[in-house]
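J.: Residue numbers (the working numbering), protein chains in the order written: chain F, 1 to 229; chain R, 1001 to 1430.
These are calculated hints, taken from the structure and not from any lab test. Misleading hints may appear alongside valid ones.
Quick look at which bits of chain F chain R covers, simulated, 3 or more residues with Cβ under 8 Å [as the list claims (entries may be wrong)]: (1) 29-40; (2) 70-81; (3) 106-114.
Built from N, CA and C at the ideal position, the CB exists for glycine as well.
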Amino acid sequence: MVIAETRSLEKVYRMGEVEVHALRGITLSFTAGEFVAIMGPSGSGKSTLLNLLGCLDRPTAGQYFLGGEDVSCMDDDALSAIRSRRIGFIFQSYNLIPQMTVVENIEVPLVYQGLSERESYRRAVEQARLVGLADRLQHRPTELSGGQQQRVAIARALVSEPLILLADEPTGNLDSKTGEEILLLLEQLNRAGRTIIMVTHDPDIGARAHRIVHMRDGQVANVHTSGVG
Amino acid sequence: MWTVFTAAFRFRLRRLLRLGLQSLWRHRLRSVLTVLGIVFGVCSVIAMLAIGEGASYEAQEQIKRLGSQNIILRSVKPPQDERASAETTRMIEYGLTYDDAERIATTVPAVEVVVPVRIIREDARHRTRRLDVRLKGTVPWYDEVAKLEIEPGGRFIRSTDMHNRLSVCVLGSAVARTLFPNHDPIGEYVTVGAEYYRVVGVVAERGRGSRDDPASDTSRDIYVPLTTMQERYGEIVQRQISGSMEMERVELHQVSVRVKDTAYVEKTAAIIRQLLERYHRKQDFEVVVPLELLRQAERTKRIFNIVLGSIAAISLVVGGIGIMNIMLASVTERTREIGIRRALGAKRRDIVSQFLTETILLSGSGGILGLILGVVIPVLVRVFSGMPTIITAWSLVLAFAISVAVGIVFGIYPAYRAAHMDPIEALRHE
Chain F
1 MVIAETRSLE KVYRMGEVEV HALRGITLSF TAGEFVAIMG PSGSGKSTLL
51 NLLGCLDRPT AGQYFLGGED VSCMDDDALS AIRSRRIGFI FQSYNLIPQM
101 TVVENIEVPL VYQGLSERES YRRAVEQARL VGLADRLQHR PTELSGGQQQ
151 RVAIARALVS EPLILLADEP TGNLDSKTGE EILLLLEQLN RAGRTIIMVT
201 HDPDIGARAH RIVHMRDGQV ANVHTSGVG
Chain R
1001 MWTVFTAAFR FRLRRLLRLG LQSLWRHRLR SVLTVLGIVF GVCSVIAMLA
1051 IGEGASYEAQ EQIKRLGSQN IILRSVKPPQ DERASAETTR MIEYGLTYDD
1101 AERIATTVPA VEVVVPVRII REDARHRTRR LDVRLKGTVP WYDEVAKLEI
1151 EPGGRFIRST DMHNRLSVCV LGSAVARTLF PNHDPIGEYV TVGAEYYRVV
1201 GVVAERGRGS RDDPASDTSR DIYVPLTTMQ ERYGEIVQRQ ISGSMEMERV
1251 ELHQVSVRVK DTAYVEKTAA IIRQLLERYH RKQDFEVVVP LELLRQAERT
1301 KRIFNIVLGS IAAISLVVGG IGIMNIMLAS VTERTREIGI RRALGAKRRD
1351 IVSQFLTETI LLSGSGGILG LILGVVIPVL VRVFSGMPTI ITAWSLVLAF
1401 AISVAVGIVF GIYPAYRAAH MDPIEALRHE
């Protein structure tokens, strides 16, 4: 089942007089339960694509369907609602809110969905347990290791049961051992049915995905599908 | 604002408050310093208004004591001409006369009561104690018009005293206290000038009069029947002034006129003024209308309040700018947090309400602290300087409401700026 689909997506940035074509017609579709890696050199448009897939930005042209809805012309409020319900973000630098505890950080997407305090706390605790942080609920991010912080971020991405998980260099700030643990966790989540789209520049990490989308100059250069899945 | 409120509802107020407190607590010192501007602003609004209110209340009480239904005529010594002042012994004749009082009582329509008063400065003695007093010769209905209260056990001058020119007197409270510190003066005798008077009553102590104005201090008065005074002193008072003998002939020093209704006070005052001007060639009297003074005092108070209010408002605005400054810095500093929240589904209005809550918490807590200080300071002023202060409920409400309003007004721009950041840029922010 196709859950996310882009049709000749284009993105043009205006930087003063110059127009920068970051994306020049991207057509891709993602099926449920897929693990996709997006690779390419810097400036190839992979971050722009991730931002569009994550509904953080609107395309200049083309369409983007997420869960059957055309989100390419939604207004800011509607996009915010989509982000909190359908998308889970995992960032390279974790992006936890420093003054809040682990459980409060995990709760954030639920809070913006308007869930009751009790319900969002319950679900946040459950999610923390799933990523192995049940004993760190009241800690602040600064009291945790990098690997633990990324686990908090993953728990936060999962807590609203999103359609897709978007991971932007999820192991970029971690040593190889911890990075491996995080990758294993992502693979485990994928096996449990999560759709993961991951941006990376590391071919070894990309190789763990079912499908690798290579990008160059704002276009899809080639798509490589591995035997798995 | 509406969208912010609905968002606040959705986001749950308690959560918003907790979030705000969390962020403010993280920068405790900064929050406290920011709040100080509002604290002093609110405190100065309340304290200034309390002191102003106290001062004007005192002035108004003094005027009210004169009676808003009354018109007071006073004899005024006219400026002397050159020829007269060259003589060593001279006789000056001026002021209100018995005829004036009679004319006012009989010809001016709205007049209810006319109270003539003659005042002579004397010293009063009882055994070894003495005190400078004003001896007031007056009529039995004086106490009613001047709103004097007589201590239980005593009485004011009666008409029989007048008819028989009896040597009886009523003491002002300070006179009674000084001459008879240990016992009841009723029935005792006091010597005023060269004459003896039997004490028949004592005036009850009135609310503290102003010490700055001894003329309005009636506690050092002694009241005797006007007829008695006429007999004892005649109409001419001799005074020795710097080697020369001065003789004054003044029939009445003051005439209080009570009008039937306050509505007629100003018109009646004008009629009396005209009447007197017809019979007096010199300007040797003045007409005081307490009602006019009261209105004047109210106008002055209003201006005073406006001036104080605007000074205080300026300090609140300064405090508000301080808050805005800190909030703008905070927004920049937390750009990344804003980006994260937006990525995780925060709508613009969620961000607005988050930052607005913080500013309102800042200014509101400043308002509460200022409220406490603003109540404490006037109390301290009252205790230590004796200056009367009155804290009005409306000044508390006003000051607090303004502090919260300052929080909203100066919080809107930083909150708007936070909400309109590009989430992608914000996430990249270091």
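J.: A separate judgement is required for each hint: does it hold in the structure or not?
T.: The hints, checked one at a time:
1. 29-40: violated (count 0)
2. 70-81: Since three or more residues must qualify, the claim that chain R covers the stretch 70-81 of chain F holds, with 4 doing so at under 8 Å.
3. 106-114: holds (count 6)
When each numbered hint is compared with the structure, a violation occurs for hint 1 only.
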